[in-house]
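2 protein chains.
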Amino acid sequence: MEGGAAASAPAALPYYVAFSQLLGLTLVAVTGAWLGLYRGGIAWESDLQFNAHPLCMVIGLVFLQGDALLVYRVFRNEAKRTTKVLHGLLHVFALVIALVGLVAVFDYHRKKGYADLYSLHSWCGILVFVLYFVQWLVGFTFFLFPGAPFSLRSRYRPQHIFFGAAIFLLSVGTALLGLKEALLFNLGDKYSAFEPEGVLANVLGLLLACFGGAVLYILTRADWKRPSQAEEQALSMDFKTLTEGDSPGSQ
Amino acid sequence: MEGGAAASAPAALPYYVAFSQLLGLTLVAVTGAWLGLYRGGIAWESDLQFNAHPLCMVIGLVFLQGDALLVYRVFRNEAKRTTKVLHGLLHVFALVIALVGLVAVFDYHRKKGYADLYSLHSWCGILVFVLYFVQWLVGFTFFLFPGAPFSLRSRYRPQHIFFGAAIFLLSVGTALLGLKEALLFNLGDKYSAFEPEGVLANVLGLLLACFGGAVLYILTRADWKRPSQAEEQALSMDFKTLTEGDSPGSQ
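Chains as they are written, first to last, in our numbering: chain A, 775 to 1025; chain B, 775 to 1025.
Bear in mind the hints are in silico, worked out from the structure with no lab data behind them. Any given hint could turn out to be false.
A pair holds if it fits inside one copy or across any two, identical chains being indistinguishable in the list.
Below 30 Å or equal to it, Euclidean Cα-Cα: the simulated DSS-like pairs (lysine-lysine) are [what the hints assert, rightly or not]:
1. K999 <-> K964
2. K999 <-> K885
3. K854 <-> K886
4. K964 <-> K886
5. K854 <-> K999
6. K885 <-> K854
7. K964 <-> K854
8. K886 <-> K858
9. K858 <-> K885
10. K886 <-> K999
11. K858 <-> K964
12. K885 <-> K964
13. K858 <-> K999
All figures in this text were calculated on a predicted structure; none of them were measured in a lab.
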């Protein structure tokens, strides 16, 4: 979109990124505080196993996923391939942590004899997890695995970016639904009496929404997009030449 | 639909818009079906007053708000001012319907002696309503009220678009939270037994998320953006010259 050569980072970008990280870390800390202060903490081999679920999901599918999306804005002038690998790796970490969170809740349900997958939260959660995994696989195949034709990469890139943002937002929405579910199950009528746990959890919900908003803002601001189209094309051509052995001229 | 000199609409856009409208209408119909079949229908002067709240919010702050965002994609070749007025009017309709929904729930709470504004859904809801009203006022002042300098308009436009999308997404998220709240309050343990109402409401939740995703997709696809920058600039200059009577260069 932009023609400029690799420029220095926009002046305001670092402040916005720092703010998003502050929000993200506060989010994780407040989740920990909620689980520690009001839900008895975390332990795998007990009733507290459930509590691993919200913590893992907030760390993996909200904080780390959000940061993985920001990699291309933060490392604007690094080699494209390094940035790609970091983007892919952060998503792997997020996926593994989310998997632990998923095992925690299914294992807890099994031990307690609770029904699985009846709620809107669980439907959205499974949808997020499947979409996230598929998006990672397709992204890896197109962008990291050396072999996808350049023309295909160019056509898929906007879809990858849109679905990346959409899956992230659905993750935030699913976390909000889960938080609400936990509050209504555990607090019941006390929720409407402005119990401290309810107020803290509401603040946590607002932090989730704000983190989602901050990541989306940094991601979508047109003048903050990664500038190096030229480098990117050259690199893709390199891959293409290396792996296909044909001339770089043929789209 | 076309009347201008600008480029013809992208071939796939009408299909995506039609799909989004089908989703939106299904969403409203399923909300009506849920309230009619399982919640006793709607009446203002009874306990059924509450049910006006979800219906108004889904029609106003989800369906109409989403359609107001799509106006610039659907009416690509109409005069910019006509499109602007339609965009502003749809938002007014949405706001008025949402206000009725807001009055319904506060009035119902007052009659029943229920506490107000304790839940995450209500916090998000009030936030959405205030942001939506402020965004409308600022948008009107900058873009419809003839007087804002062209340079200010240009600088504010990206913020207006980002916050418009963000407020819409927060509206969808808030609706999901409200749906979840209604289900857990009303169904209780029956929710986990896959009662028909629970399954229908989960489907409604997925429809809400899908409508949000469809609107976001149409809105963000780069090659579907409204093309007529030249006309837009000329029109803004016209307004400026007409209303301020000064040269288009100042400020």
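Hint-by-hint comparison with the structure:
1. Proximity of K999 and K964 under a CA criterion of 30 Å is satisfied in neither setting, with 46 Å inside one chain copy and 49 Å between copies.
2. Taking the shortest alpha-carbon separations for K999 and K885, neither the intra-copy value of 48 Å nor the inter-copy value of 52 Å comes in at or below 30 Å.
3. In the homo-oligomer, the alpha carbons of K854 and K886 never lie at most 30 Å apart, since the shortest distance is 48 Å inside one protomer and 60 Å across protomers.
4. With identical chains, the CA atoms of K964 and K886 are at most 30 Å apart both within one copy (24 Å) and between copies (17 Å).
5. In this assembly of identical chains, K854 and K999 lie within 30 Å of each other by CA distance both inside one copy and across copies; the values are 13 Å within and 28 Å between.
6. Neither within a single protomer nor between protomers do K885 and K854 lie at most 30 Å apart by alpha-carbon distance, with minima of 47 Å and 61 Å respectively.
7. When the C-alpha separation of K964 and K854 is checked against a cutoff of 30 Å, the pair qualifies neither within a copy, at 52 Å, nor between copies, at 52 Å.
8. Taking identical chains as interchangeable, the C-alpha atoms of K886 and K858 are never at most 30 Å apart, the minima being 42 Å within one chain and 56 Å between chains.
9. In this homomeric assembly, K858 and K885 never come within 30 Å of each other (Cα to Cα): the closest approach is 41 Å inside a single copy and 58 Å across copies.
10. For a Cα distance limit of 30 Å, the shortest separation of K886 from K999 qualifies neither inside one copy, at 48 Å, nor across copies, at 52 Å.
11. Taking the shortest Cα distances, K858 and K964 never come within 30 Å of each other, neither inside one copy (48 Å) nor across copies (47 Å).
12. Taking CA atoms no more than 30 Å apart as the test, K885 paired with K964 passes in both settings, with 27 Å inside one copy and 20 Å between copies.
13. Both within a single protomer and between protomers do K858 and K999 lie at most 30 Å apart by alpha-carbon distance, with minima of 15 Å and 28 Å respectively.
In summary, the numbered hints that this structure violates are 1, 2, 3, 6, 7, 8, 9, 10 and 11.
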